[in-house]
Amino acid sequence: MEQHVMDLDDAIAVLQNTYASLESIARFLPVDAEEVHAALADADPDTSEAIALQALAKYNPIKTKQNVADTEHE
Amino acid sequence: MAAPNKVLPGFAASMWMQTSATPTPLSTANLSVWSAQVATIVGTAANGTGTAGTQLNVEAVPAFGQDDAVASFSVAGTRQSDKIPVQSAPTSLSITAAWNPSDAALLLIRGDAYSGTVDRTYVIASVDGASTIAYAFNGRVSEFKIDAQPGAEAKCTFTINPRGNQYGWSNT
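Protein chains in written order, with this note's numbering: chain X, 981 to 1054; chain L, 5 to 176.
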């Protein structure tokens, strides 16, 4: 089943403005992992955008062919 | 910028707080951002800009971090000795300062304590030359007391209670 993916800018805005734990919010935001990592690579590290992207990247690792195959065999 | 690679005893620590009686504390993400965020609270003496902050003149910067927290479990009435680490609450900061009734920062602290609901961003800055490591957190103040015994200079004591998860590290 295709998973709904949230617009990355919206997800970043949620994390930039929250007073809650970034970990607990980022864990449940459905974003595209490759988009997150690409944006993180370009982000200035001393910005709230980068902090938000770091939290998203933690819970949205890029799936390599190897770990996708591992998942399918489980 | 990468954090400086130095042993901590070479740093001087100072404590800073947002000004305004009704401050808007930094969001969780911004507590980790030095430029235009944490730097506005930290004064120029600690390499910030200080446009939205003032120094809190404390006797000593208190220990900060976490309290101990474990959950002990028992199963079906039997005692189990495991202590499972769980997320620890942030430790409260008990602070002593010389009581100057005209000190703007202490007056804000006193007002926050009497309100009990004011969230404010505080920063502990460790400075060595042009390098600053900042620990920023949001907190509320309680237990503001004045000790005016005649044998010593008047002191005030208060406790800053950090809000859960609202902290961040940044550096110049």
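No lab work stands behind these hints: they were computed from the structure.
Since the model is a prediction, treat every value here as computed from it, not as a measurement.
In this text, a Cβ means the ideal position worked out from N, Cα and C, and glycines have one as well.
The reader is advised that the hints may include incorrect statements.
Said to hold, decoys possible - Here's a subset of chain X near chain L, in silico, CB distances under 10 Å, partners left out:
no. : residue
1   : I1005
2   : T1027
3   : A1037
Said to hold, decoys possible - Calculated pairs, SDA-like style, for lysine to any residue (alpha carbon to alpha carbon, straight line, at most 25 Å):
no. : chain 1 : residue 1 : chain 2 : residue 2
4   : X       : K1038     : L       : Q70
5   : X       : K1038     : L       : A93
6   : X       : K1043     : X       : L988
7   : X       : K1043     : X       : P1025
8   : L       : K159      : L       : G133
9   : X       : K1038     : X       : D1024
10  : X       : K1038     : X       : E1014
11  : X       : K1043     : X       : A1013
12  : L       : K149      : L       : S96
13  : L       : K159      : L       : T100
14  : L       : K159      : L       : A25
15  : X       : K1038     : L       : D123
16  : X       : K1038     : L       : N169
17  : X       : K1043     : X       : R1007
18  : X       : K1043     : X       : E1015
19  : L       : K159      : L       : D123
20  : X       : K1038     : X       : E1015
21  : X       : K1038     : L       : G168
22  : L       : K149      : L       : N165
23  : L       : K149      : L       : V122
24  : X       : K1038     : L       : Y139
25  : L       : K159      : L       : N61
26  : L       : K159      : L       : S92
27  : X       : K1038     : X       : H1017
28  : L       : K149      : L       : W173
29  : X       : K1038     : X       : D1012
30  : X       : K1038     : L       : K149
31  : X       : K1038     : L       : G69
32  : L       : K149      : L       : R167
33  : X       : K1043     : X       : N997
34  : X       : K1038     : L       : S92
35  : X       : K1038     : L       : Q91
36  : X       : K1038     : L       : S39
37  : L       : K159      : L       : A102
38  : X       : K1038     : L       : G155
39  : X       : K1038     : L       : R167
40  : X       : K1038     : L       : W173
These are the hints, each one checked on the structure:
1. For I1005 (chain X), the suggested interface contact is upheld, since its CB lies about 9 Å from the closest CB of chain L, less than 10 Å.
2. For T1027 (chain X), the suggested interface contact is upheld, since its CB lies about 6 Å from the closest CB of chain L, less than 10 Å.
3. Annotation: A1037 (chain X) was flagged as interfacial toward chain L, and the flag is violated, the nearest CB pair being 14 Å apart, outside 10 Å.
4. The hinted pair formed by K1038 (chain X) and Q70 (chain L) meets the criterion: a straight-line CA distance of about 23 Å does not exceed 25 Å.
5. Taking the CA atoms of K1038 (chain X) and A93 (chain L), the gap is about 23 Å. The hint holds against a cut of 25 Å.
6. With a C-alpha separation of about 18 Å, the suggested pairing of K1043 (chain X) with L988 (chain X) holds against the 25 Å cut-off.
7. For the hint linking K1043 (chain X) to P1025 (chain X), the alpha-carbon distance of about 24 Å falls within 25 Å, and the restraint holds.
8. Between the alpha carbons of K159 (chain L) and G133 (chain L) the distance comes to roughly 31 Å, so the proposed pair goes past 25 Å and is violated.
9. Distance check on the hinted pair: K1038 (chain X) and D1024 (chain X) sit about 17 Å apart at the alpha-carbon level, within 25 Å; holds.
10. As the CA atoms of K1038 (chain X) and E1014 (chain X) are separated by approximately 12 Å, the hinted pair is consistent with the 25 Å bound.
11. For the hint linking K1043 (chain X) to A1013 (chain X), the alpha-carbon distance of about 8 Å falls within 25 Å, and the restraint holds.
12. Pair hint K149 (chain L) plus S96 (chain L) holds up; C-alpha atoms about 16 Å apart against a cutoff of 25 Å.
13. A distance of roughly 7 Å separates the Cα atoms of K159 (chain L) and T100 (chain L); the hinted pair therefore holds under the 25 Å criterion.
14. For a cut-off of 25 Å, the pair hint linking K159 (chain L) to A25 (chain L) stands: about 22 Å separates their Cα positions.
15. Between K1038 (chain X) and D123 (chain L) the CA atoms are separated by roughly 29 Å; this puts the pair beyond 25 Å, and the hint is violated.
16. As the CA atoms of K1038 (chain X) and N169 (chain L) are separated by approximately 17 Å, the hinted pair is consistent with the 25 Å bound.
17. The suggested pairing of K1043 (chain X) with R1007 (chain X) holds, with an alpha-carbon distance near 16 Å, which does not exceed 25 Å.
18. Annotation: proposed proximity of K1043 (chain X) to E1015 (chain X) holds, straight-line Cα distance about 12 Å (limit 25 Å).
19. At most 25 Å may separate the alpha-carbon atoms for a hinted pair to count; K159 (chain L) and D123 (chain L) meet this at roughly 24 Å.
20. Pair hint K1038 (chain X) plus E1015 (chain X) holds up; C-alpha atoms about 13 Å apart against a cutoff of 25 Å.
21. A distance of roughly 20 Å separates the Cα atoms of K1038 (chain X) and G168 (chain L); the hinted pair therefore holds under the 25 Å criterion.
22. Pair hint K149 (chain L) plus N165 (chain L) holds up; C-alpha atoms about 15 Å apart against a cutoff of 25 Å.
23. Among the hinted pairs, K149 (chain L) with V122 (chain L) is consistent with the structure: their alpha-carbon atoms are about 18 Å apart, no more than 25 Å.
24. This hinted pair checks out: K1038 (chain X) and Y139 (chain L) have alpha carbons roughly 22 Å apart, not beyond 25 Å.
25. Between K159 (chain L) and N61 (chain L), the direct Cα distance comes to roughly 12 Å. Compliance with the 25 Å bound is thereby established for this hinted pair.
26. Between K159 (chain L) and S92 (chain L), the direct Cα distance comes to roughly 31 Å. Violation of the 25 Å bound is thereby established for this hinted pair.
27. Of the supplied pair hints, the one linking K1038 (chain X) and H1017 (chain X) holds, its CA atoms being roughly 10 Å apart against a limit of 25 Å.
28. Simply put, K149 (chain L) and W173 (chain L) have alpha-carbon atoms about 30 Å apart, too far for the 25 Å limit, and the pair is violated.
29. The suggested pairing of K1038 (chain X) with D1012 (chain X) holds, with an alpha-carbon distance near 12 Å, which does not exceed 25 Å.
30. This hinted pair does not check out: K1038 (chain X) and K149 (chain L) have alpha carbons roughly 44 Å apart, beyond 25 Å.
31. The straight-line distance between the Cα atoms of K1038 (chain X) and G69 (chain L) is roughly 23 Å, inside the 25 Å bound, and the hint therefore holds.
32. The straight-line distance between the Cα atoms of K149 (chain L) and R167 (chain L) is roughly 21 Å, inside the 25 Å bound, and the hint therefore holds.
33. Proximity of K1043 (chain X) to N997 (chain X) is assessed by CA-CA distance (about 29 Å); at most 25 Å being required, the pair is judged violated.
34. Taken as a hint, the K1038 (chain X) and S92 (chain L) pair is honoured in the structure, with Cα atoms around 21 Å apart against an allowance of 25 Å.
35. A distance of roughly 18 Å separates the Cα atoms of K1038 (chain X) and Q91 (chain L); the hinted pair therefore holds under the 25 Å criterion.
36. Proposed proximity of K1038 (chain X) and S39 (chain L) is supported: the alpha carbons are some 24 Å apart, at most 25 Å.
37. Between K159 (chain L) and A102 (chain L), the direct Cα distance comes to roughly 4 Å. Compliance with the 25 Å bound is thereby established for this hinted pair.
38. Pair hint K1038 (chain X) plus G155 (chain L) does not hold up; C-alpha atoms about 56 Å apart against a cutoff of 25 Å.
39. For the suggested pair K1038 (chain X) and R167 (chain L), the alpha carbons sit about 23 Å apart, so the restraint of at most 25 Å is met.
40. For the hint linking K1038 (chain X) to W173 (chain L), the alpha-carbon distance of about 18 Å falls within 25 Å, and the restraint holds.
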